[in-house]
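Undergrad: Chain residues, written in single-letter form:
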Amino acid sequence: METAELKEKLKVQIIQFLNLTDLTPADIKDDEPLFGDGLGLDSIDSLELIVLLKREYGINIQDPKEGRKVLVDVNTMAEYIKANGQK
Amino acid sequence: MMFYIHKAACISPQQTFGDIDIEQLHLSVDNKLYAIEPKYPHFNGNALRRMSKSTRMGSGAALPLLADEAKPDGIIIGTQVSGMEENGKFLNQIIEYNEDMLTPGSFVQGTPNTISSQIALINNNKNYNLTHVHRGLAFENAVIDAAMLINENPGHTYLLGGVDEISANNYTLDTLGGWFKKEACQNDELYNSTTNGSLSGEGATMFTVSGSKTGALAKLTAITTIHSTDTVIVRERIKSFISQNLPNGEKIDLLLSGENGDARTLPFYLACETLLDNQVPVARFKHMCGEYPTASSFALWLASNFLGNGLNVPQHMLKKQGDFNGVKNILIYNTHKMGQHSCVLVSLVE
Numbered sequence: 001m002e003t004a005e006l007k008e009k010l011k012v013q014i015i016q017f018l019n020l021t022d023l024t025p026a027d028i029k030d031d032e033p034l035f036g037d038g039l040g041l042d043s044i045d046s047l048e049l050i051v052l053l054k055r056e057y058g059i060n061i062q063d064p065k066e067g068r069k070v071l072v073d074v075n076t077m078a079e080y081i082k083a084n085g086q087k
Numbered sequence: 001m002m003f004y005i006h007k008a009a010c011i012s013p014q015q016t017f018g019d020i021d022i023e024q025l026h027l028s029v030d031n032k033l034y035a036i037e038p039k040y041p042h043f044n045g046n047a048l049r050r051m052s053k054s055t056r057m058g059s060g061a062a063l064p065l066l067a068d069e070a071k072p073d074g075i076i077i078g079t080q081v082s083g084m085e086e087n088g089k090f091l092n093q094i095i096e097y098n099e100d101m102l103t104p105g106s107f108v109q110g111t112p113n114t115i116s117s118q119i120a121l122i123n124n125n126k127n128y129n130l131t132h133v134h135r136g137l138a139f140e141n142a143v144i145d146a147a148m149l150i151n152e153n154p155g156h157t158y159l160l161g162g163v164d165e166i167s168a169n170n171y172t173l174d175t176l177g178g179w180f181k182k183e184a185c186q187n188d189e190l191y192n193s194t195t196n197g198s199l200s201g202e203g204a205t206m207f208t209v210s211g212s213k214t215g216a217l218a219k220l221t222a223i224t225t226i227h228s229t230d231t232v233i234v235r236e237r238i239k240s241f242i243s244q245n246l247p248n249g250e251k252i253d254l255l256l257s258g259e260n261g262d263a264r265t266l267p268f269y270l271a272c273e274t275l276l277d278n279q280v281p282v283a284r285f286k287h288m289c290g291e292y293p294t295a296s297s298f299a300l301w302l303a304s305n306f307l308g309n310g311l312n313v314p315q316h317m318l319k320k321q322g323d324f325n326g327v328k329n330i331l332i333y334n335t336h337k338m339g340q341h342s343c344v345l346v347s348l349v350e
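Going down the list, the sequences are from chains D and X. The numbering used here applies: residue 1 is where the first sequence begins, and numbers increase by one. The numbering used here applies: residue 1 is where the second sequence begins, and numbers increase by one.
Next comes chain X alone, as it looks inside the complex:
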């Protein structure tokens, strides 16, 4: 056992915050899936207008989890780009004003650790505070960090999150790099696309996690990260992961696949699917949240809610209907830009 997930909150391009409704698919705009942001009534005006979007979303998703809890023993965030839009503004100011008369706002909001710092300030929390920025495995490394801390301190509770935002510069660069589609594509047609690239997305997902089983939504049983561009190696690693971590006599009951409409990454997802029995349902989530480095945190939010909150898997997610009797173990497989892969096994709390 690694840890138990007790609470989960998510601000995403779908209706995942407040009154949750994932049956109705919110559509992409210009190949991007922008997060549906709440009004953030808990932030005062001055604080809100100085926050980058990622800080706003991250803090906004964290606040409901912190409202009724004692202060967490640590805040652990995974983000690749964080406030990249503000970072870009600051870098442009350096050039425009010849390194003179720079103001702190964009600099402060453009650094990755602003999210965990802002949450700590709101929560008056002086405990462990760390931000992982390992590109497409940033969230996974935050999960591993939390798991190691809980292993040492089973009674501790941690706030764990994954956050990234769409930034204009990164979108342009990644589109030029072929990671986002150059032709118009809407998210409800994403998986019919046969070209390279996906749709750009963003979101903030927060969890409270601990070693305590009582009242937990789900159990994060195991996680692994894989660095390879070889489908054979990745398939073997996923196979080992499943055999090593699935309890005897149990099976994967649902695969949450990070398939993203990119022709280049499809072989990895198909390789994963072929490891499972034919009757195992396969659900995809990237048409809901888009592609971003910490999108696996959105999948973990889905898995936690499927297992612990009675949330149903909507039809638009299903690639393969399979046999849906009693979901107990969910496998999340995701790859970011093909070189970074992760497997997460999430289980029912019994």
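The following block holds chain D by itself, in its conformation from the complex:
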């Protein structure tokens, strides 16, 4: 899958998993921070995103430090999936 296509798919999945019903994929920028001032996600959402990576891409993140590097924005998630995705 091309990176651009993966990012679009990822945005759809983020909206679905986190129930961000007032957003569309176009509202999420590739480099927009997922937490804090960006999308404003919180710790419960980070758990949902880790489950998303496991269920949809076969990626198991067990080290919290690694999780912090991956769950920065859509770009970092897509890069990690490209490098480590099992599905």
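Calculated from the structure, these hints are not laboratory results. Just to be clear, a hint being listed does not mean it is correct.
Calculated pairs, DSS-like style, for lysine-lysine (alpha carbon to alpha carbon, straight line, at most 27 Å) [said to hold, decoys possible]:
#1 X/K89 with D/K9
#2 X/K32 with X/K182
#3 D/K87 with X/K89
Covered stretches of chain D, as calculated for chain X (at least 3 residues, CB under 8 Å) [unchecked claim]:
#4 40-47
#5 50-64
All residues carry an ideal CB built from backbone N, CA and C; glycine is no exception.
Assemble chain X onto chain D, guided by the hints.
TA: For chain X alone, kept in the frame of chain D given last:
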């Protein structure tokens, strides 16, 4: 006396929240009456998107009642299905992901006591907190619980509510079971229908109740629940309820009937009507809120507002005009799926 109703709020398929207007009937869509939800400005975005619809509606209806009050001494909710939509999501995840990698969101939001818990969290309330789930008598049991607590603690105030939501799975199952109409039917034609089943509905109604008369909207004088599928037995029980609880020299001035367009339940409602004098007005409410297990809480909201807030009974509710001079005692009779019945006597505060 059981208790006094001081405040009431209702999110329903009609304009009952905020600027109340029940004269204009909002119509059903695909045999369902969906609640008109406010924008919930008091909830932050993250909290709101994680709430099931029933939790959203329940908390949203409770907040205005809690704004100016001291913390209630208890939160008592009646709900049959609560966040059934989220419950279904969680059960599907168990199957889809082979009991692995389950996230807590849908599980937490899919349990019945989430509504009372969410309200307690918002209100920082660590007092009595209970959810009754007795199917079609869930709200009635919450009322009885509140009445018993107030009997023991007359100075206490309780938040009392009834909440249920439409869920896709339950709608399908109940339609297959014949409880919702299979043919297209709009709510403004509900009572002309001669087939089985009703329209599906939902809503959240909240009350603050206590033993104090001062400033009360209405008095909940008596309540009873009946378990029977026999119209003769039910009629006798309603008759006893009225004679035992209506003060001497007074009469029922308005019947709020839970008639729901289901040919099978109609004999029960007709049996109740025949107990009353010919001039007693009869008003129906299920075309406004639809059929759901705690719909009687919507009727109690109506009765409280008719008695205490000067709300007029709109023409579309009236089955029988009767004599409307001075409504003092309102009888609410409702049955859910024929086996569970309730009578509530609501009176003017004098």
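Undergrad: Indicate, hint by hint, whether the structure satisfies it.
TA: Comparing the hints with the structure gives:
Between X/K89 and D/K9 the alpha-carbon distance is near 21 Å, which keeps this suggested pair within the 27 Å criterion. Note on X/K32 and X/K182: the hinted pairing holds, with a Cα-Cα distance of about 12 Å set against a maximum of 27 Å. A C-alpha spacing of about 24 Å is found between D/K87 and X/K89, which places the hinted pair at or below 27 Å, so the restraint holds. Only residues whose C-beta sits within less than 8 Å of a C-beta in chain X count toward coverage, and the region 40-47 of chain D has 6 of them, enough to reach three; the restraint holds.
Using a Cβ-Cβ cut-off of 8 Å, 3 residues of the region 50-64 of chain D lie near chain X, which meets the minimum of three, so the contact claim holds.
Every hint from the earlier list agrees with this structure, and none is contradicted.
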